[in-house]
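If you want the building blocks of each chain, they are given just below.
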Amino acid sequence: MLAPERTWWKPLGRMEKTWLTVAFVWCIFLTIMMPLWYFMGKQNVPTETYRTTTEAYGAKVNAFVDQYTVGKDAATGMPIVAPPAGSDIYLRAMKWQWYPVLQLEQGETYRLHISSMDLNHGFSLQPVNINLQVLPGYDYVATIVPTTNGDFTIVCNEYCDVGHHTMAGKVIVVKK
Amino acid sequence: MATLAPTTPWTSAAKDDYRVCGVTTLKVDMHTERLIIANAVMAVVCLLLGGIAALLIALTRWQVFHLLPANWFYRLLTLHGIDMLVAWIVFFEMAGLHFGSTALLNARHAAPKLAWFGFILMTVGGLMVNGVVLVDPNSSVMFSAYVPLKAHPLFYLSYILFAVGALITVITFFINIVTAKREGRFSGSLPLVVFGLMTAAILAVYTLLEGAAAIVPAFFWSLGILKNYDPGIYRNFFWGFGHPAQQVNLAAMVAIWYALAQMTTGIRPVNEKFSRLAFILYLFFINLGSAHHLLVDPGLSFAWKAVNTSYAMYLAVLGSMMHAFSIPAAIEIAQRAKGHNKGLFGWLRNAPWGEPGFAALIMSMIIFGWIGGVTGVTIGTEQINMLAHNTMRLPGHFHATVVGGTTTAFMGFTYYVIPLIFRKELKLKSWAKLQPYVFGFGTILVSLGMITSGLQGVARRHWDITFTGVVPGTVNITLAIMGIGALIAVTGGIMYITIVLASILTGPRLEAENLLLTSGTNNPLLESTKLTDEMMERPQNQPKGTLVLVFAFLVWFAIYYLSNWWLLGRTWFIK
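Chains as they are written, first to last, in numbering that gives the first Met the number 0: chain A, 0 to 175; chain B, 0 to 574.
By construction, these hints were calculated from the structure, which means they are not laboratory data. All figures in this text were calculated on a predicted structure; none of them were measured in a lab. Hints may contain errors.
What the hints assert, rightly or not - Think about it this way: if two alpha-carbon atoms lie no more than 27 Å apart in a straight line, the pair counts; the simulated DSSO-like pairs of lysine-lysine are:
1) A/Lys59 / B/Lys574
2) B/Lys426 / B/Lys341
3) B/Lys574 / A/Lys174
4) A/Lys9 / B/Lys272
5) B/Lys423 / B/Lys112
6) B/Lys226 / A/Lys94
Using the sequences and the hints, build the whole thing.
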């Protein structure tokens, strides 16, 4: 709290030097981990994005659902859509539903498109615990491989008005 | 050697209106005193409003009670975020800026009218936003108010008024410092605490400008004048304000840490260069951290995210790790110089644990660093963020930094502001001794409850996650830990507000005679001026214990960080 002496530019002590060096090395390690994982890891944040409009994206979702619907979800009446492996699949977020129900095969690759028709939404796949931000006007493409099978829930984890907590969708992953 | 301020009168000021503090011998401009009191009172009012909201929302997420209906939960959550993250902390920081730019420099307040204008704008904005959120059902848009979720235009206008008021106050800080220098109030460099506050003030300028870039268009958009507002652009600008606002807290809090350490244990900074360099690192690198909120947003490249999220090369993290060494090291050296030399931690055992300022300092540093810092760096890692984005791990992180860290430190500092600035006797001293521990312990439970819930996939800002049975039953336990912690922390908050009100509303005006509140009649501030270089360099006074502590910290940091990569490696493949 007091004014320092006139000359305070002094060399660091031995312990300060030690800690500064160790901390700096740790910081470099933290920095390197990200590009390292980017090239070596199998879980990376998707970056592929396209500009879209709610009309254009809505039409793509409808065409996708018409083409690959295999049944109806008993609880919600929502179409269950089973696209072929390797294809582009479309998920629509709006107040307060994820549409449609997706049926995927374990171990296959899919190009999952996500966009919102109204507000910000949060794609939170549980219990896998993968979380992505969903914005209107942005077609966000995640290339995914389901490595486990069973029923999964998509929770909305970005506040989207008062019915936010009722917004849940479904992904079914079947064994090949 | 550092000296306390001389008490020669101010000759160049138009009117000498000051008093000399009997404890510190610092001159206190009466304008400064009144400004500090006004800002501190508003800070506590906002803390009270936000605290009531905190209790009710915690009792809602604690599944056993599930107290509020959904609309009131979201409404009070919005209020809680604004009152706590912005209003309480910024009002307190403004008080700190007035103090740092005048009293600590032995200088007058050069722009009191402008400062009052800023204060009035902030007060109108702060109260108005509370009113709008409480009255208008469509303004429960959360603190972040993501476009295209639309609140009432007055909601955005309140933000703008508050931010402009804060910006004006920050400008008076610079005016004061320049005037003080010009009038020869201090010579040489700024004291370290003022240097830290200066860092906070500079960060605040561009934080508030970015806030304007986000909120002013949102205001026109809510009026229908602006037709389209890109939600991605809004998020980018908003977090250019929202995250750096917390970095302002960080810089101000670290400045307060140095102040508390000096006032309670009589430290001298071990190496001014080291500590100042750490602040400079904040200044240059920390605002890149805004990108932490956009790590899983569409439209941004890996390189952009990785460079920003790493603050260039974790250089801001380096700054914090430097403070994490230099403050405890300074305490250790000061303690050892007093003769508390036994073993590695004898200095710590003999520390003034019953002194509220020291208790607050220690709780604040532990919670901020060991929980807040470590979890923040981890979830702010580009890929790991996929596991954490918008889960309860987020509020778990920032309740450790902003509540356990900043708020605890500010609360502890208040206990000294009451006798020295309000000039009232501190009442309920036995409560003040305990309060930092109660509040800190509660916050630790809140934070850990949230983090462990988030690890199980529980979403933040969510009225009821158990509805679909997607999360395991164990979340009931972790959410209960959060709820119990909230009750304890709220108890600590009530203790704080009671102590403050009992002290400032009752009893006569009393000139303080003693710096320490509970642990003695000595004056550590004066003692710190007697700590010579030779005493600090003696081999038996070296901070060996601190070195052990920081290495233990690093081990914990590494374990937490690496275990998150392991968790990430177990999930679905995605790119």
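Results of checking the hints against the structure:
no. : hint                : result
1   : A/Lys59 / B/Lys574  : holds (22 Å)
2   : B/Lys426 / B/Lys341 : violated (35 Å)
3   : B/Lys574 / A/Lys174 : holds (22 Å)
4   : A/Lys9 / B/Lys272   : holds (7 Å)
5   : B/Lys423 / B/Lys112 : holds (26 Å)
6   : B/Lys226 / A/Lys94  : holds (21 Å)
The earlier numbered hint that this structure contradicts is number 2, and it is the only one.
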